[in-house]
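Given chain U, work out where chain X should sit, using these hints.
Listed in order, the protein sequences are those of chains U and X. Heads up: the first sequence at position 112 corresponds to 112 in this note's numbering, and the numbers run straight through without jumps. Heads up: the second sequence at position 88 corresponds to 88 in this note's numbering, and the numbers run straight through without jumps.
In short, the hints are calculated from the structure, not lab data. As the structure is a computational prediction, the values presented were derived from the model and not from experiment. Among these hints, one or two may not hold up.
As the list claims (entries may be wrong) - Here chain U is said to cover these stretches of chain X; the calculated rule only asks that three of the stretch's residues, wherever they fall, bring their Cβ under 8 Å from a Cβ of chain U: (1) 18-25; (2) 29-41; (3) 124-130; (4) 142-153.
To be verified - Every beta carbon over 12 Å from chain X, so not counted as near; a handful from chain U, in silico: (5) 41; (6) 44; (7) 52; (8) 62; (9) 66; (10) 68; (11) 71; (12) 91; (13) 94.
Said to hold, decoys possible - Cβ-Cβ distance ranges computed for the label pairs, FRET-style: (14) 98(U) to 97(X): 47 to 57 Å; (15) 135(X) to 50(U): 17 to 27 Å; (16) 3(X) to 17(U): 56 to 66 Å.
We treat Cβ as the ideally placed atom computed from N, Cα and C, and that holds for glycine.
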Amino acid sequence: MKLAWHEWRAGFRPGDILVIGGGLAACVFFALTFWQGGVARWAEVRAGGKVVARLSLDRPASVDVDGPLGQTRVQVEPGRARVLSDPGPRQYCVLQGWLSRAGAVAICAPNEVSLRLLGDSSAYDTLNY
Amino acid sequence: MTRSTTELPVTNADVRIARYAAAAIALSVAEAAIPLPLPGVKPGLGNIITLVVLARWGWREAAWVALLRVFAASLVLGQFLAPGFFLSLSGALISLGVLALAQHLPKRWFGPVSHSVLAAFGHFSGQILIARLWLVPHDGIFYLVPVFALAAVVFGTVNGLVADYLLRHSPPRATPSD
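Chain X extracted, bound-state conformation:
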């Protein structure tokens, strides 16, 4: 057997991203088993991992993890390219945009809880936007906005606290960033 001539060197960052993404995908899949009263309102447990990666390794890796999660979790759940996939993708993109700005907030005053709540608001804005433009082209969808906003505050706070807890209880980062 001839050896492949193309080499894809795997960096430490690649391994790290893959591990975090795997954890995030597992959480997303587990979460899909929780019955929910309203479509669109869910805890978004996979985002805990995004927050941890953002705090430890920066925005670029957090974006990788979040997007890998959206694609892989939808494949696992059989939602790939279904409406739910596009809702999650637009939500993830907008919340990553929000996080890109939120990460520059002073660390002393704003922790993962702030990041989480802001990202959760970004998430539901992205979903509402796609839903309004494409899935339910009627203003009736805005009737649900207060419910989504409340869910964003509650789940955002809880996810942020969990992320902060994980950050405080995980060993200090060993591998130098590369």
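Bound conformation, chain U alone:
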């Protein structure tokens, strides 16, 4: 038995194409709805363990935070955030560059400032190594 393509194509009726199209649209919709977990929405800045700023990642902003060593500057752009400058000696948090995933953290330990990105729901409560 040989199955020609036109034999199969005869199985499609106009409405069927509509239903399949609708099904694919539903797939895209579900993917957009349920696979957004890793997208960061907020930047949370802490100093000395206390939250001092919570910035939306929708629009550019910057915030200056004072710590024991001096001023740390955090910069926010749509969808990402970074520690722009820090008085700490080793500059680790600055060298980390832009953070864009929910849960990402940059810690400026000497100045007791941290920057953390948050999604709509947190992916985990704590991490330990």
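Below, chain X without anything else, positioned relative to chain U:
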């Protein structure tokens, strides 16, 4: 030996349902041998028979065939009353509900392919529902929804085409419905 006093007359419909159900059970069992990447994503070949019966003999007989398949296939595979059985049962019930509505779509525009895709969506909705309420009571399960939906579109389309092919190539229905 005394003859049994109870008589169970076997109608043509009974024989037909038994035959179709046997075909559906065979397909389900054969399908269980196919290795699958993700639990829950499978072609659902047994549903081809449900679609054929729906188109030829109506919803009532299709429901009989689908439910007999769920029960008998799970018995054969040793899954009866196991979680997989309840997933398949809820999927079958919801997709039968969907088919009850879909069969009234105008025949000129919507064929077995539409029925199949819609029923496949019904099937995975039923499974996700049971899985979320009972097996994995956590929203993490919804992470798999796009995968299931894509599988529903792909396998639904293929099953629908096969059902349509079978319908076009089978002899016209001979027995009057009774």
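The hints, checked one at a time:
no.: 1; hint: 18-25; verdict: violated (count 0)
no.: 2; hint: 29-41; verdict: violated (count 0)
no.: 3; hint: 124-130; verdict: violated (count 0)
no.: 4; hint: 142-153; verdict: holds (count 8)
no.: 5; hint: 41; verdict: 17 Å, holds
no.: 6; hint: 44; verdict: 23 Å, holds
no.: 7; hint: 52; verdict: 31 Å, holds
no.: 8; hint: 62; verdict: 35 Å, holds
no.: 9; hint: 66; verdict: 40 Å, holds
no.: 10; hint: 68; verdict: 41 Å, holds
no.: 11; hint: 71; verdict: 41 Å, holds
no.: 12; hint: 91; verdict: 37 Å, holds
no.: 13; hint: 94; verdict: 34 Å, holds
no.: 14; hint: 98(U) to 97(X): 47 to 57 Å; verdict: 49 Å, holds
no.: 15; hint: 135(X) to 50(U): 17 to 27 Å; verdict: 41 Å, violated
no.: 16; hint: 3(X) to 17(U): 56 to 66 Å; verdict: 59 Å, holds
Checked against the numbered hints given earlier, the structure breaks hints 1, 2, 3, 15 and satisfies all the rest.
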